[in-house]
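Position chain B against the provided structure of chain A, taking the given hints into account.
So the chains spell out like this:
Number of protein chains: 2
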Amino acid sequence: MKVVGTIKEVRQQVKEWRKAGESVALVPTMGYLHEGHGSLITRAKNENDRVVVSIFVNPMQFGPGEDLESYPRDLEKDSAFCENLGADLIFHPTPEEMYPEGFCSYVDMSVLTEELCGQSRPVHFRGVCTVCSKLFHIVTPDRAYFGQKDAQQLAIIKRLVLDMSMDLQIVGCPIIREKDGLAKSSRNTYLSEEERKAALVLSKAVSLGEQLTKAGENDAKVVLDKMIKLIEAEPMAKIDYVKAVDGLTMQQTDKITDGTLFAMAVYIGKTRLIDNFSVSR
Amino acid sequence: MKVVGTIKEVRQQVKEWRKAGESVALVPTMGYLHEGHGSLITRAKNENDRVVVSIFVNPMQFGPGEDLESYPRDLEKDSAFCENLGADLIFHPTPEEMYPEGFCSYVDMSVLTEELCGQSRPVHFRGVCTVCSKLFHIVTPDRAYFGQKDAQQLAIIKRLVLDMSMDLQIVGCPIIREKDGLAKSSRNTYLSEEERKAALVLSKAVSLGEQLTKAGENDAKVVLDKMIKLIEAEPMAKIDYVKAVDGLTMQQTDKITDGTLFAMAVYIGKTRLIDNFSVSR
Numbered sequence: 001m002k003v004v005g006t007i008k009e010v011r012q013q014v015k016e017w018r019k020a021g022e023s024v025a026l027v028p029t030m031g032y033l034h035e036g037h038g039s040l041i042t043r044a045k046n047e048n049d050r051v052v053v054s055i056f057v058n059p060m061q062f063g064p065g066e067d068l069e070s071y072p073r074d075l076e077k078d079s080a081f082c083e084n085l086g087a088d089l090i091f092h093p094t095p096e097e098m099y100p101e102g103f104c105s106y107v108d109m110s111v112l113t114e115e116l117c118g119q120s121r122p123v124h125f126r127g128v129c130t131v132c133s134k135l136f137h138i139v140t141p142d143r144a145y146f147g148q149k150d151a152q153q154l155a156i157i158k159r160l161v162l163d164m165s166m167d168l169q170i171v172g173c174p175i176i177r178e179k180d181g182l183a184k185s186s187r188n189t190y191l192s193e194e195e196r197k198a199a200l201v202l203s204k205a206v207s208l209g210e211q212l213t214k215a216g217e218n219d220a221k222v223v224l225d226k227m228i229k230l231i232e233a234e235p236m237a238k239i240d241y242v243k244a245v246d247g248l249t250m251q252q253t254d255k256i257t258d259g260t261l262f263a264m265a266v267y268i269g270k271t272r273l274i275d276n277f278s279v280s281r
Numbered sequence: 001m002k003v004v005g006t007i008k009e010v011r012q013q014v015k016e017w018r019k020a021g022e023s024v025a026l027v028p029t030m031g032y033l034h035e036g037h038g039s040l041i042t043r044a045k046n047e048n049d050r051v052v053v054s055i056f057v058n059p060m061q062f063g064p065g066e067d068l069e070s071y072p073r074d075l076e077k078d079s080a081f082c083e084n085l086g087a088d089l090i091f092h093p094t095p096e097e098m099y100p101e102g103f104c105s106y107v108d109m110s111v112l113t114e115e116l117c118g119q120s121r122p123v124h125f126r127g128v129c130t131v132c133s134k135l136f137h138i139v140t141p142d143r144a145y146f147g148q149k150d151a152q153q154l155a156i157i158k159r160l161v162l163d164m165s166m167d168l169q170i171v172g173c174p175i176i177r178e179k180d181g182l183a184k185s186s187r188n189t190y191l192s193e194e195e196r197k198a199a200l201v202l203s204k205a206v207s208l209g210e211q212l213t214k215a216g217e218n219d220a221k222v223v224l225d226k227m228i229k230l231i232e233a234e235p236m237a238k239i240d241y242v243k244a245v246d247g248l249t250m251q252q253t254d255k256i257t258d259g260t261l262f263a264m265a266v267y268i269g270k271t272r273l274i275d276n277f278s279v280s281r
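So the protein lines, in turn, are chains A and B.
Under my numbering, residues 1 to 281 are what the first sequence spells out, in order.
Under my numbering, residues 1 to 281 are what the second sequence spells out, in order.
Please keep in mind that the hints were generated in silico from the structure rather than gathered at the bench.
Wrong hints could be hidden among the right ones.
Remember, identical chains collapse to one label, so a pair may be satisfied in a single copy or spanning two.
Said to hold, decoys possible - Taking lysine-lysine and the DSBU-like style, the derived pairs with C-alpha atoms no more than 30 Å apart in a straight line are:
no., residue 1, residue 2
1, Lys158, Lys19
2, Lys255, Lys204
3, Lys19, Lys45
4, Lys8, Lys158
5, Lys15, Lys158
6, Lys221, Lys15
7, Lys179, Lys226
8, Lys226, Lys204
9, Lys243, Lys158
10, Lys238, Lys214
11, Lys8, Lys45
12, Lys19, Lys8
13, Lys45, Lys15
14, Lys204, Lys214
15, Lys238, Lys255
16, Lys2, Lys229
17, Lys8, Lys197
18, Lys2, Lys19
19, Lys270, Lys221
20, Lys184, Lys45
Same shape as in the complex, but just chain A (with noise of 0.2 Å):
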């Protein structure tokens, strides 16, 4: 496995293994790679001859006041794990080599972008369209992989590749949780023991309305107000957003439907977490 830096060497690997007629799978990564990584990871491989992995904490997609400077990094064991899992290559480009100087492109959308994240993270998704653009070109994937756990972000990237027609498949994978249902996150390694514990009523609330919405409940809000009162019950959460919404567009919904996604993001002291999950009927 090989770890380049610039997005010529990226070109030069990927033209060799076209030539070669071996299909490519793109998993883009902000790095700190937990087993949620590793499932995509691994999927990949399952159904492409080479898997780029992109390691890059985008810059433009933290607002200000973020956790940017503060968001975890280790590249020696990320490696490690990538070569584990039969990853081919690491894609770890610096800021300067993804935004060179003058920069001032971006690539965004409305709709799907005002809800839910979008609210309290205004510029987030410019970010997340435009870098995923740039890896999509850079790489020219035949699929990309994405989690669920970041229900809107994966919503948004399928819309984004068919609005824009790129000519690639964007697949989704589902939330990977620690045994104790805790969604796994880069960022739960913020959290104080005492949080850490405070942090399952994320998917406590997700078990309640998966179980509420199987036993056959129609009404979003009363499923979401039981979420809400179980997460308010625990006196280190704060709800940023707990909401039903169309599983395609994003936007709100009363009734409950295939497709329609619950999701939440809750503040466990000073770090934010989100969960999520959709009805399948």
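Below, chain B without anything else, positioned relative to chain A:
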């Protein structure tokens, strides 16, 4: 030569060409082709095995009150024109093919889009960046050809390709003029006989500016003042802007150096015409 309307047909054709190892060029146009477009197609044919001409009057780059509806169209004539010049494929999509139901993505840029035409046409370059990105994704050309008549558009597309790490070369081609100097434009058909004569002030101002800069003038204001005076002497002309900018960043400049762009937009009656020249030293 084939004329196709769907993205799928373009992709299929391009994939066949790629399999045969052929290089592919794109000439993006809004149709109603003239010798300006012709020079792009001819150059593209000289430098590539295959040439795709896209003909699409892109609604997204027209503002409210602009000439989207009245913009001239003649696919039959355009097809014959392209075939004559050796083009291999015309891509002529409907707006619905390019902007499917729920379309909400866009590509845009700051800095370069904020000057010149960007001030009088605030949504224009977002439309241009979005449609060109889409066309690049659909055709995946090795090279795309743009006229220097739309100098700001050319600079923006070059910056976009650089910023977004798109793997293609943007080729700028010289302005083609009528015998009397008027820059070729599909919009020239809007002009009455009288307006057609008055429209010569644009190319006359360009000639004057070129003379002064070639003679060694270094102060942009001196050149602009004389150009403006010349245009203002024509009663049918109403200046939108006449400016000197850095040829890469489109930011206004007082000092004339290699690459300085003198650009203008002038209304002749209701028709808005543009022209420009670049200083090379």
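Hint by hint, here is what the structure shows:
1. Lys158 to Lys19: Both, since 28 Å and 28 Å are each at most 30 Å.
2. Lys255 to Lys204: within (22 Å within a copy, 66 Å between copies)
3. Lys19 to Lys45: both (19 Å within a copy, 25 Å between copies)
4. Lys8 to Lys158: The answer is both: 26 Å in one copy and 18 Å across copies each meet 30 Å.
5. Lys15 to Lys158: Close inside one copy (25 Å) and across copies (23 Å); limit 30 Å.
6. Lys221 to Lys15: Neither way: Lys221 and Lys15 sit 51 Å apart in one copy and 50 Å across, limit 30 Å.
7. Lys179 to Lys226: Within. Shortest intra-copy distance 24 Å satisfies the 30 Å Cα cut-off; inter-copy 77 Å does not.
8. Lys226 to Lys204: Result: close within a single copy only, 11 Å intra versus 74 Å inter.
9. Lys243 to Lys158: within (21 Å within a copy, 42 Å between copies)
10. Lys238 to Lys214: within (27 Å within a copy, 68 Å between copies)
11. Lys8 to Lys45: both (23 Å within a copy, 28 Å between copies)
12. Lys19 to Lys8: Close inside one copy (17 Å) and across copies (23 Å); limit 30 Å.
13. Lys45 to Lys15: For Lys45 and Lys15, the Cα distance is within 30 Å both inside one copy (18 Å) and across copies (25 Å).
14. Lys204 to Lys214: within (15 Å within a copy, 75 Å between copies)
15. Lys238 to Lys255: within (26 Å within a copy, 57 Å between copies)
16. Lys2 to Lys229: neither (49 Å within a copy, 63 Å between copies)
17. Lys8 to Lys197: neither (45 Å within a copy, 51 Å between copies)
18. Lys2 to Lys19: both (18 Å within a copy, 28 Å between copies)
19. Lys270 to Lys221: within (28 Å within a copy, 55 Å between copies)
20. Lys184 to Lys45: Close inside one copy (21 Å), not across copies (53 Å); limit 30 Å.
Of the hints listed earlier, those the structure fails to meet are numbers 6, 16 and 17, in rising order.
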